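There are 2 protein chains.
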Amino acid sequence: MNLPINNETLQKILTEMDIVHISDATIRQCCAVAKALEDVSETKFSHLEIGVPGLKACQMGVEAQKRALNEGVASIYPNIAGIPELKQNASEFIKAFLNQDIEPKCIIPTVGSMQGSFNLILQCSRLHKDKDTILYINPGFPPHMLHSHVLGIKQESFDIYGYRGEKLKEKLEEYLSNGHISAIIYSNPNNPAWICLTEEELKILGECANKYDVIILEDLAYMGMDFRKDISVPFKAPFQSTVANYTDNYILMMSASKIFSYAGERISLVAFSNKLYKREYKQLKELYGIGRMGDSFTLTFLYIASSGTSHSAQYAMSAMLKAAVSGEYNFVKETKEYARRANRVKELFTKYGFNIVYDKDGETNIGDGFFFTVGYKNMGNDELLAKLLRCGIATISLKTTGSCQFGVRVSVSALSDEKDMQTLEERLKLFVELQ
Amino acid sequence: MNLPINNETLQKILTEMDIVHISDATIRQCCAVAKALEDVSETKFSHLEIGVPGLKACQMGVEAQKRALNEGVASIYPNIAGIPELKQNASEFIKAFLNQDIEPKCIIPTVGSMQGSFNLILQCSRLHKDKDTILYINPGFPPHMLHSHVLGIKQESFDIYGYRGEKLKEKLEEYLSNGHISAIIYSNPNNPAWICLTEEELKILGECANKYDVIILEDLAYMGMDFRKDISVPFKAPFQSTVANYTDNYILMMSASKIFSYAGERISLVAFSNKLYKREYKQLKELYGIGRMGDSFTLTFLYIASSGTSHSAQYAMSAMLKAAVSGEYNFVKETKEYARRANRVKELFTKYGFNIVYDKDGETNIGDGFFFTVGYKNMGNDELLAKLLRCGIATISLKTTGSCQFGVRVSVSALSDEKDMQTLEERLKLFVELQ
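As given, the protein sequences belong to chains A and B, one line each in that order.
Heads up, the first sequence stops at 445 in the working numbering, and the numbers go up one at a time, no gaps.
Heads up, the second sequence stops at 445 in the working numbering, and the numbers go up one at a time, no gaps.
Some clues are possibly wrong.
Because identical chains cannot be distinguished in the list, a pair is counted as satisfied if it fits within a single copy or across any two copies.
Using 35 Å as the maximum straight-line C-alpha spacing, the simulated DSBU-like pairs for lysine-lysine come out as follows [said to hold, decoys possible]:
(1) Lys22 <-> Lys288
(2) Lys181 <-> Lys429
(3) Lys164 <-> Lys295
(4) Lys292 <-> Lys139
(5) Lys66 <-> Lys332
(6) Lys439 <-> Lys139
(7) Lys356 <-> Lys292
(8) Lys429 <-> Lys221
(9) Lys370 <-> Lys22
(10) Lys76 <-> Lys397
(11) Lys115 <-> Lys164
(12) Lys66 <-> Lys356
(13) Lys285 <-> Lys45
(14) Lys292 <-> Lys22
(15) Lys295 <-> Lys370
(16) Lys295 <-> Lys221
(17) Lys295 <-> Lys397
(18) Lys387 <-> Lys115
(19) Lys181 <-> Lys239
(20) Lys179 <-> Lys332
No lab work stands behind these hints, which were simulated from the structure alone.
In this text the structure is predicted, and so the values were computed from the model without any measurement.
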């Protein structure tokens, strides 16, 4: 084993890549650094930096997509608002697993939730003259912040670490009472920290959204994967927690990437509450000729973003939603594999002296899932990330996710077997020896 | 036949749809008006307003896409820069039909050229502090203008009608000499007018791009379809005309929607010149941490737009490009059907007293293809569009394409058989009787 890599080699690679602080590096830069270190050390790294679905695609989707291709959909522009059967099945899926009534017309496919959040942030910033800022509840998914940055939209944010439970209310009011926030965005379960907002916190969010006429953008990329409660039985409680229980000012994003392991085909859903879909915004009408929120999203924003989502992938998504609703495909059970891995990997990290940074929801320990966060004693972000890299472990810094805590995000998706676990353990041992 | 529809019925529908001037209606609004009139009159319209591929998808694409799905690509995030075989085949395709040498790494798939133009316009507006305006050579594709409008980017434009040939130079200098233009966008062959820029005009554009350090965004959605010259033999002259012969400051967009009748899957290529791909922009680096043009497009812009293009569709595109290069699939011959239709439809319109508005490229008549433009005597846009609608013919106004001429755009894609032609003729007769 050619590990640990010496510090000079690492610093040389960082300099070549124009990276001053490794803790500021984006996911893609971290991947590139890991790749360069793999080449130098001739050693395959433990890739904990990336969140790729490590499971096989839902086969009902694959079959439906091939059927649609056979039937000739490749030549025909997709309906930007979505094919009718997809919208219908999505509505039933949302009833089955979130217990929300959303009409089919209010649910629209997008090219991944990435396209959804990009365009929702853009649209929300165009609704009112005075509401020109997006509020991020961090830690968060770095591209969400990049949306605003690239689009030139103002953003504010806070780290939720110190504002859990009822403290969240005061913190939100601090921003919202200024009247300049158009929308609040977060993912739940949370990427990177895997914390889940409690019902108390979701209620606070919903009530604030009502009080200040702010839209909640809730990214449910990992829905069902808070395995502390089993939402897998359709139309039966418990259901996926959502802010939709507490306000009509919501828009949900539900990606196929993780729940159906369908990341390759870039398909997701954006679901407006029935009320918000129909709402007329004078400024949208003045700017683009279409004032109704839902129609504007489709006919103005998605139209010029990509003119819709892959026609065949819409059939795949439709079939997967249907299979989930009928109980034929248990997406919760399928993804539970991630929890098994997380449990094992957490054990390893704690065994070698690491601590879970974001560790609780209320009084309860966070669940096991796709991600978790670890720190090491009082070690700063740069040192922690660099030393892990030198030992063959790639992660991303919490700093890039808007967190103010010291630590890194660990993604368990790429650790598929016991050999991967053993390798990781050897490297953690090496890390301790470096101190 | 329940035609002509009386004027009161039409006006009532326009009022209900909040359309004050029908000549300002977008394509989608025109479609909606036509649909409402079809319901009222219980008559299927002649749909000349939409440009949908009216042919079957290239079968090599369908087969390759299904193969990729069988091989499991649906679960794996696509490489945002494109799968290697697609990039390689695209490079060969560009050599075969445009006679340009572009390295594979400089060619990147996008979710339709719509995603390409959206992100290129956004990126080009971020290159220099002082270059903050996009120049449109009109008539043009309305969504291209909507990109800038929605993104809040300044735009200027002119109607090329009066500035063909050497007059183009002076007109371009008028804008470019101010130093505020970052990029120029047009489609060639032109949508809506089907004019094609002559070699003289492309040379002027290229020279101006060099002189003023401006980027040319050339949309080749209808490449090969200027049937006056047959570019169908790979690696043999004549080749598709392109500004790439006259400057390195170019980016090409090549959609699969029309050339391979693959609109449903939303896939296209963006090709940077080798030189432009590698160019470092200080401002990109400062803003987003990545300064190189091509890497910035992929890792900053496409990453947050949709995290790449459908994985399986990339295999489809790759196979179609390869089949075109090998001569197995003659995309020029396949799309020539549109020319046959255009020839016939032009005959009909001129028979009933219409004139072709944009009629010449230099001394030569424009070719027959996907679109053409017609006017009727001195009739204004509103009256022309309204009267055609009343007779069961849906079109879009030239006004919405940035043209200053009176007339409408005719798309021939939906007229597939002789019966469609006969119906159109009866309606044109009816139109004349309305006068």
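Against the structure, the hints come out as follows:
no.	hint	result
1	Lys22 <-> Lys288	between (56 Å within a copy, 23 Å between copies)
2	Lys181 <-> Lys429	neither (45 Å within a copy, 68 Å between copies)
3	Lys164 <-> Lys295	both (22 Å within a copy, 20 Å between copies)
4	Lys292 <-> Lys139	both (10 Å within a copy, 32 Å between copies)
5	Lys66 <-> Lys332	both (18 Å within a copy, 29 Å between copies)
6	Lys439 <-> Lys139	neither (56 Å within a copy, 50 Å between copies)
7	Lys356 <-> Lys292	neither (51 Å within a copy, 42 Å between copies)
8	Lys429 <-> Lys221	neither (53 Å within a copy, 60 Å between copies)
9	Lys370 <-> Lys22	neither (39 Å within a copy, 60 Å between copies)
10	Lys76 <-> Lys397	neither (46 Å within a copy, 44 Å between copies)
11	Lys115 <-> Lys164	both (31 Å within a copy, 34 Å between copies)
12	Lys66 <-> Lys356	within (24 Å within a copy, 53 Å between copies)
13	Lys285 <-> Lys45	between (48 Å within a copy, 26 Å between copies)
14	Lys292 <-> Lys22	between (55 Å within a copy, 23 Å between copies)
15	Lys295 <-> Lys370	neither (44 Å within a copy, 38 Å between copies)
16	Lys295 <-> Lys221	within (24 Å within a copy, 41 Å between copies)
17	Lys295 <-> Lys397	between (54 Å within a copy, 27 Å between copies)
18	Lys387 <-> Lys115	neither (51 Å within a copy, 44 Å between copies)
19	Lys181 <-> Lys239	within (28 Å within a copy, 67 Å between copies)
20	Lys179 <-> Lys332	neither (38 Å within a copy, 59 Å between copies)
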